[in-house]
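Starting from the given sequences, assemble the full structure and let the hints guide the process.
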Amino acid sequence: MANTVIGTTIVIDGEITGDEDLLVRGTIKGRVAMSENIVVEDGGTLEANVEAGVITIHGRVTGDIHATQRAELKPTSRVVGDIRAPRILIADGASFKGSVDMDG
Amino acid sequence: MARQHNHLAGHGLETPTTIGVGIRVNGRITGEEDLHVEGRVEGAVVLSRTLHVGASGIVAADVEAQDVVVHGLIMGNVTANGCVTLHAGARVVGDISAPRFIVADGAAFRGRVAMGESSDARRSVASTAVAARPAARGAGSVRTSSSRPASSSAVLPRAAKAATERKAAENSQRQSAARDPASKQPDDDVTVVVRHPAVGEVEAGGRATVGDKSPQGAAPKKKKIAPVARIPKPGKRRVTRR
Chain A
1 MANTVIGTTI VIDGEITGDE DLLVRGTIKG RVAMSENIVV EDGGTLEANV
51 EAGVITIHGR VTGDIHATQR AELKPTSRVV GDIRAPRILI ADGASFKGSV
101 DMDG
Chain B
105 MARQHNHLAG HGLETPTTIG VGIRVNGRIT GEEDLHVEGR VEGAVVLSRT
155 LHVGASGIVA ADVEAQDVVV HGLIMGNVTA NGCVTLHAGA RVVGDISAPR
205 FIVADGAAFR GRVAMGESSD ARRSVASTAV AARPAARGAG SVRTSSSRPA
255 SSSAVLPRAA KAATERKAAE NSQRQSAARD PASKQPDDDV TVVVRHPAVG
305 EVEAGGRATV GDKSPQGAAP KKKKIAPVAR IPKPGKRRVT RR
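Respectively, the protein sequence lines represent chains A and B. Residues in the first sequence are numbered consecutively from 1, following my numbering. Residues in the second sequence are numbered consecutively from 105, following my numbering.
Bear in mind the hints are in silico, worked out from the structure with no lab data behind them. Some hints could be false.
Unchecked claim - Negatives, chain B to chain A, calculated, CB over 12 Å:
(1) I123
(2) R128
(3) H191
(4) A302
(5) P331
(6) P338
(7) K340
Claimed, not checked - Cut-off 25 Å, straight-line C-alpha distance, at most; resulting in silico cross-link-like pairs (SDA-like, lysine to any residue):
(8) K29(A) with E168(B)
(9) K29(A) with G63(A)
(10) K29(A) with G126(B)
(11) K97(A) with D19(A)
(12) K29(A) with E47(A)
(13) K29(A) with C187(B)
(14) K29(A) with G131(B)
(15) K74(A) with D19(A)
(16) K29(A) with I162(B)
(17) K29(A) with R334(B)
(18) K29(A) with R128(B)
(19) K29(A) with K340(B)
(20) K29(A) with R216(B)
(21) K29(A) with E136(B)
(22) K29(A) with P336(B)
(23) K74(A) with E36(A)
(24) K74(A) with T119(B)
(25) K29(A) with D209(B)
(26) K29(A) with R195(B)
(27) K97(A) with D13(A)
(28) K29(A) with E72(A)
Keep in mind that this is a model prediction, so the values were computed, not measured. For every residue, glycine included, the Cβ atom is placed at its ideal position computed from N, Cα and C.
So, in C-alpha cells, the structure goes:
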C-alpha cells in the first residue's frame with residue numbers, strides 16, 4: 001500500500017522526488033522521479049516526465065515514461081509520450097501514442 | 105514485489121493525501137482536501153481544507169489553508185481561515201495570519217501573529233488553558249504561549265485578566281512576543297501612514313497597503329503641490345556649517 005497518496009483534488013505543479021511508492025489520484029505537472037513504484041489511478045493525471053522502478057498507469061499520462069523495471073498500461077490508460085522500459089505491458093483498451101524503447 | 109493497489113479505496117474509505125517521509129515535493133500544491141505532510145514540501149501550499157504537518161514533515165513554503173495543524177516544521181508564512189494549531193514539537197518560523205491560533209506547550213514559534221476579529225469565546229478559554237501550563241515550567245526554550253497572550257489581549261478584552269497573570273511568566277521569556285504588540289493591529293483597521301520626503305503633508309487613514317512607498321513617492325512628486333517651505337524667521341540667523 002502506498003505511503004504517499006495524492007488525492008483526487010490535489011494539483012501539484014512542480015517536481016516530486018523520493019524513494020517511496022507513489023499513488024496518484026490527482027494531477028501532477030512537472031517532473032516525477034521516484035526510485036520505487038508509481039501508480040497512476042483512473043482519475044489521475046500526470047503531465048510530467050516520470051522516472052521510477054515500476055510504473056503502473058490506469059489514468060492519463062502526458063510525458064515521457066522511464067521505468068527501470070517495468071511499465072504497465074492498464075485498460076483505462078491514456079498515454080501520450082515515449083516509454084523507456086525493459087519490460088512493457090500494454091493491456092487491451094489502453095490508448096498510447098508515442099515511441100517505445102526497450103533498451104533500458 | 106506486490107502490485108500497488110490501495111485496497112482501502114474499494115471500501116469507500118478515502119486515504120487522505122499524504123506526502124510520505126521519503127518524498128520531496130518542489131513546487132506548488134493546491135487542493136480541496138486534507139493534506140498530510142510527512143516529507144518535505146517546498147514552494148507553496150494552497151488548500152481549502154486542513155494541512156497536517158506530521159512530526160517528520162518539513163514545509164518550507166507559504167501555506168494557505170482552512171486549518172493548519174503542525175507537529176513538525178514550517179518555514180514560511182501561514183494564512184488560515186480557521187485555526188492554526190501548533191502541537192508539542194512543532195517548529196514554525198514565519199508569520200501567522202489566522203483568526204484562531206492555538207499553541208501547545210513545547211511548540212517553538214518565531215514570527216508575527218495577526219488575528220482578525222473573532223467573536224467566539226472559545227479563544228479566550230483556550231488561551232487560559234495554554235497559559236496555565238508554561239507558568240509551571242521554568243524558562244528554557246522558546247515559550248510560544250507568550251505570543252498568544254500578546255495577541256489575544258490586544259483583541260479580546262475578556263482575556264485581559266488572564267493576560268495579566270501571564271505577564272509575570274512572559275517577562276522571563278524570549279523577545280519574540282516583544283515585537284508582537286508593537287506590530288499588532290486588527291487586520292481590518294490597518295492604517296498606514298506613509299511619510300515620504302517628497303510629500304509635504306502626511307496622509308492618514310487612507311491607504312491600507314504597506315510597501316508601496318516608491319510608487320506613491322514618485323507620483324506625488326509630479327502632481328502634488330510643492331512641499332511647504334520652511335520660511336526662516338527674519339532676523340539673525342546662525343549658519344551652521346557641517
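Do the hints match the structure? See the list:
Look at I123(B): its CB is around 6 Å from the nearest CB on chain A, not clear of 12 Å, so calling it non-interface is violated. Consistency note on R128(B): stated as away from chain A, yet its beta-carbon is not over 12 Å from all of that chain's, at 5 Å minimum. No Cβ of chain A approaches the Cβ of H191(B) within 12 Å, the least distance being about 22 Å, so the stated non-interface status holds. At roughly 42 Å from the closest C-beta of chain A, the C-beta of A302(B) stays outside 12 Å, upholding its exclusion from the interface.
Residue placement check: P331(B) keeps its beta carbon more than 12 Å from all beta carbons of chain A (closest about 48 Å). No beta-carbon of chain A is positioned within 12 Å of the beta-carbon of P338(B); the least distance is around 69 Å. Every beta carbon of chain A lies more than 12 Å from that of K340(B), the smallest distance being close to 71 Å; the non-interface claim holds. The suggested pairing of K29(A) with E168(B) holds, with an alpha-carbon distance near 20 Å, which does not exceed 25 Å.
At roughly 10 Å between alpha-carbon atoms, K29(A) and G63(A) fall within 25 Å of each other, so this suggested pair holds. Restraint check for K29(A) and G126(B): the C-alpha separation of about 20 Å stays at or below 25 Å, so the hint holds. Restraint check for K97(A) and D19(A): the C-alpha separation of about 28 Å exceeds 25 Å, so the hint is violated. Between K29(A) and E47(A) the alpha-carbon distance is near 5 Å, which keeps this suggested pair within the 25 Å criterion.
The hinted pair formed by K29(A) and C187(B) fails the criterion: a straight-line CA distance of about 30 Å is larger than 25 Å. In summary, the hint linking K29(A) to G131(B) is supported, as the alpha carbons are separated by about 9 Å, within the 25 Å threshold. A threshold of 25 Å between alpha carbons decides the hint, and for K74(A) with D19(A) the separation of about 24 Å falls inside it, so the pair holds. Only pairs whose Cα atoms come within 25 Å are accepted, and K29(A) paired with I162(B) is accepted, the gap being roughly 21 Å.
A C-alpha spacing of about 61 Å is found between K29(A) and R334(B), which places the hinted pair above 25 Å, so the restraint is violated. In summary, the hint linking K29(A) to R128(B) is supported, as the alpha carbons are separated by about 15 Å, within the 25 Å threshold. The suggested pairing of K29(A) with K340(B) is violated, with an alpha-carbon distance near 75 Å, which exceeds 25 Å. A hinted pair counts as satisfied when its Cα atoms are at most 25 Å apart, and K29(A) with R216(B) does not qualify at roughly 33 Å.
A distance of roughly 17 Å separates the Cα atoms of K29(A) and E136(B); the hinted pair therefore holds under the 25 Å criterion. A hinted pair counts as satisfied when its Cα atoms are at most 25 Å apart, and K29(A) with P336(B) does not qualify at roughly 67 Å. Taking the CA atoms of K74(A) and E36(A), the gap is near 19 Å; set against the 25 Å cutoff, the hint holds. Our distance criterion of 25 Å between C-alpha atoms is met by K74(A) and T119(B), whose separation comes to about 22 Å.
Using a Cα cut-off of 25 Å, the hinted pair K29(A) and D209(B) is violated, with the two alpha carbons roughly 39 Å apart. Proximity of K29(A) to R195(B) is assessed by CA-CA distance (about 30 Å); at most 25 Å being required, the pair is judged violated. Under the criterion of a C-alpha separation no larger than 25 Å, the hint pairing K97(A) with D13(A) is consistent with the structure, at around 24 Å. A C-alpha spacing of about 20 Å is found between K29(A) and E72(A), which places the hinted pair at or below 25 Å, so the restraint holds.
Consistency note: the structure conflicts with the earlier hints numbered 1, 2, 11, 13, 17, 19, 20, 22, 25 and 26.
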